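Visitor: Quick note, the sequences are listed as chains A and B, same order. Heads up, the first sequence is in our numbering, so the first residue is 1 and it goes up one at a time. Heads up, the second sequence is in our numbering, so the first residue is 1 and it goes up one at a time.
Honestly, the hints are just simulated from the structure, not real lab data. Just so you know, not all the hints are guaranteed correct.
Residues of chain B clear of chain A, computed beta-carbon distances all greater than 10 Å [unchecked claim]:
no.	residue
1	Lys207
2	Ala280
3	Leu296
4	Arg324
5	Glu347
Using 30 Å as the maximum straight-line C-alpha spacing, the simulated DSSO-like pairs for lysine-lysine come out as follows [as the list claims (entries may be wrong)]:
no.	chain 1	residue 1	chain 2	residue 2
6	B	Lys206	A	Lys336
7	A	Lys104	A	Lys385
8	A	Lys139	B	Lys82
9	A	Lys336	B	Lys330
10	B	Lys56	A	Lys385
11	A	Lys104	A	Lys65
12	A	Lys298	A	Lys176
13	B	Lys31	A	Lys176
14	B	Lys26	A	Lys184
15	A	Lys553	A	Lys298
None of these values were measured; they are calculated from a predicted model. Just so you know, even glycine gets a beta-carbon here, dropped at the ideal spot from N, CA and C.
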Amino acid sequence: MKLNSILATDCGSTTTKAILIQKIDGEYRLSYRGEAPTTVEAPFEDVTRGVLNAVMEVEELANRKILNGDEIMTPQNGEEGVDIYISTSSAGGGLQMMVAGVVKSMSGESAERAALGAGSIVMDVMASNDGRLPHEKIKRIRDLRPDMILLSGGIDGGTVSHVVELAEILHAANPKPRLGQNYKLPVIYAGNNKAQDQIRDTLGEMVDLDITENIRPVLERENLEPSRDKIHDLFMEHVMQQAPGYKKLMSWTDAPIMPTPGAVGSLIEMIAEKEKITVVGVDIGGATTDIFSVFQGKFNRTVSANLGMSYSICNVLAESGLENVLRWVPFDIDRKELTNRIGNKMIRPTTVPQSLEELFIEQAIAREALRLSFKQHKEFATSLKGVQKERTISDAFDQSSSGESLVNMMELDLLVGSGGVLSHAPRREQSARMLIDSFMPEGITQLAVDSIFMMPQLGVLANIEKEELAADARAAALEVFHKDCLIHLGTCIAPIGNVKKGALVLTAEFTFPDGKKVHHELKKDELFRFEVPYEPISAVFKPDKKMDIGSGKGEPIETTVYGGVVGLILDGRSRPITIPTASEDRLAALKSWSEAVNEYPNQNTNQ
Amino acid sequence: MAHAYTPGLKVLHHAKVEKNRRLPIKGKITKQVGDLLKPEDVVAKTDLPGNVQMLKVANVLNIGPADVPDVMLVGEGDKVEKGQMIAETEGLFGFFKSNVKSPIDGTIEAISDVTGQIVMREAPIPVEVDAYMSGIVKEIIPDEGVIVEADAAFIQGIFGIGGESRGTMEILVENREQELTTDLLNESHKGKIVVGGSFVNLETYKKALSLQIAGIVVGGFNYYDLEEILGYTLGVAITGSEDLVTSLIVTEGFGNIRMGSRTFDLLNKENGKFVSINGATQIRAGVIRPEIVIPLQEIEIPETAVYKSDNSGISEGSLVRIIRAPYFGKMGEVVSLPPELQQMESETMVRIAEVKVDGDVLNIPRANLEMVETD
């Protein structure tokens, strides 16, 4: 079957978004989108209501009949209906899991990685060595009421007693699922295969036990895929069945419903693999910030559960400290006044910045939320811990050890941002600045934002398994991703190294497609922007002998870079970015960086 | 007429207030439909499973896990007392025996020959749920609790700390602009719910705590002072489980903001009544706002129909509160709701409402308005 039209929805906790993708002149393009409030909670308690409302909006805009009464018409028939319908969901708080492993930094961390990768929120990581006494663990499990538990521990054929002990704690706690009273809590066992029988004996009757391959069969290798698949299956079979209206929704879709972050992650993973690039993606929401990365071919996802721009905005303040937020605010403000304003945003989370001052404050906090989330991500996205490395004499002075972060900013090719504060910033320059200031890319890095956050829908599309549809669906997902989903902001060019203030750090020469050449000498602490659209530009970068732009200190690079709606940004600031502490100097520095990219209105009128 | 949906806070002279009073797990209901309730009446009770203790018998006796069942003197399901010998090794020729004594009064729940540990459970913990407010039992939720209903005046705050509390309400300020200051509080306020105007500072709140005042209702409070009361920085607005003698309900927000006139006038009207308050706040999907419930006597119930929220949102003529700088805390009336997007000073493109505030008409993003639901 050829795919000519695809309808996809994402049922978020507040809004259900529908998109229509059509094949027009041989190309898959996003044609229309609609949205409506999600209807999982009272008074509707039926998710399909919100889906139908969102689809109705698409119908009206597209002037095309998609619904037949309360049903989506598939496949397409003439100009009516769509070929397939797919959906993701994070409504009702998403998928909330607890994971357990014997050693916190080993099986515990692998279990966490599997759960996060599948798109869940990890409420707690329990481990034999987490420092809590058994009764404390039991109380915690009882209080949590997760949707699902992933239990792991031990390498295949290793000691069984530790992981069975964890199962005994689970048994004593008698955990109850979050939704619904009338079904048993799904528990996945993905630990030492030798302990499977004892685990079955201990937990079998009390919970809905599912046994899969060990997540860490040997110390040196993780095997996350079977657990991730199992989580998706159980999400569909158990958790979704309990959420209002999902049975009906599941009967409509042509592919399994995926948890929203799981779909985004799989799309990012696919793009990194297909284009052989390293990618970091971020989605900053009101309550949480999700970060996805692919470095050295390894995918990682983290959720900073309490770093967000509205519900948890005060937690950003608490975790980063007032000083760190204040350093980005380009005007003087009384500290008490600032904290009260941030507190008021927390209790009225849906408000928007009306004045420029409010926008400054909001974007200052966003920088810190992103910085902290990325810091957590770097600490989590590591090589496997507890692995013995063989060392030769040449490694004798090498300090590297197991558990090192995989995130290497110099290797990063593409940084994609999404979420209200990035996608809906009044100027794209502001999004670019927020991404650069918080992620601090090194070398040459492309920047983009997902304008309307359609990565979830594209993620499910890319994951369709039906053989007759898979190839077309993947092609459609990739095509729409590049043509409609991403807004290319431009490229950040940031040489790394230590030189004196004001010294030359990089000489850049650009040759544009029309043959025009420009040249810029970038100074230490300077930010400079060329306004050029998204097109290939030949570039030669010659760093100072103490600076590195990707090939080593003082080594020049000849390459192709891309502009965008913001353009090429040359960033001469150090890493991490240092901001002067004296108030006057700080304000002057912030002003000059803002003016360099025309970030805010009235910047050039000395206001 | 144009409409915009903006959730509002309720300030109602008369509402049918319903409260679900549920047990955390199934239990026994002690009241029947139609029973008249006082706030302290118990409506349902149950026993929570006792705390669990795990004891590594194999380690204590220095034996293998598989040998543990053989040395146990008690079996699964047996009751044990603190200090009772529960396991003993055979020793060597009857000598050098070692044993294990129970650390608690409770029941043996499981004995494991894999890990060599036993699971013991302490006595059940009784839990009772009270009625919270005066009213009647409207409905029984089988095995779980009851729904209490009351004719009452009902006011929602924006943020609170501390859980349920009750007492006689006393207004301590002359007007809604006046701060609640330390000199206004004295011993006679112990166990009462006191109402201030625009603001309460940390020092005054601390004095209220020391006087064991049951609750404070006031316009504003400083966000940064919360840390000293709670002992931690409040990162997410989910409150209610704090162990505070004095629950605090803020009606307007953080900072010094005079209390909304309708809120203040209604509280003033009901001055001296016995009220139930709850500071619990949850600002997420399924939002919970702090509340003041003032049950009315039959003769006090107005003849006008009970207010019903129609969730139709704001429209021309609606009374609204501005909830974001630069006009934060001001109240006004919606003049019109133009459909086109308009650019704000921040360059954000938004749908606005024209709001008449103190004679001026201001353009305010609709998202920055809160409807005052009043009857």
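Visitor: In ascending order, which of the hints set out earlier in this document are inconsistent with the structure?
Guide: 4, 5, 11, 12
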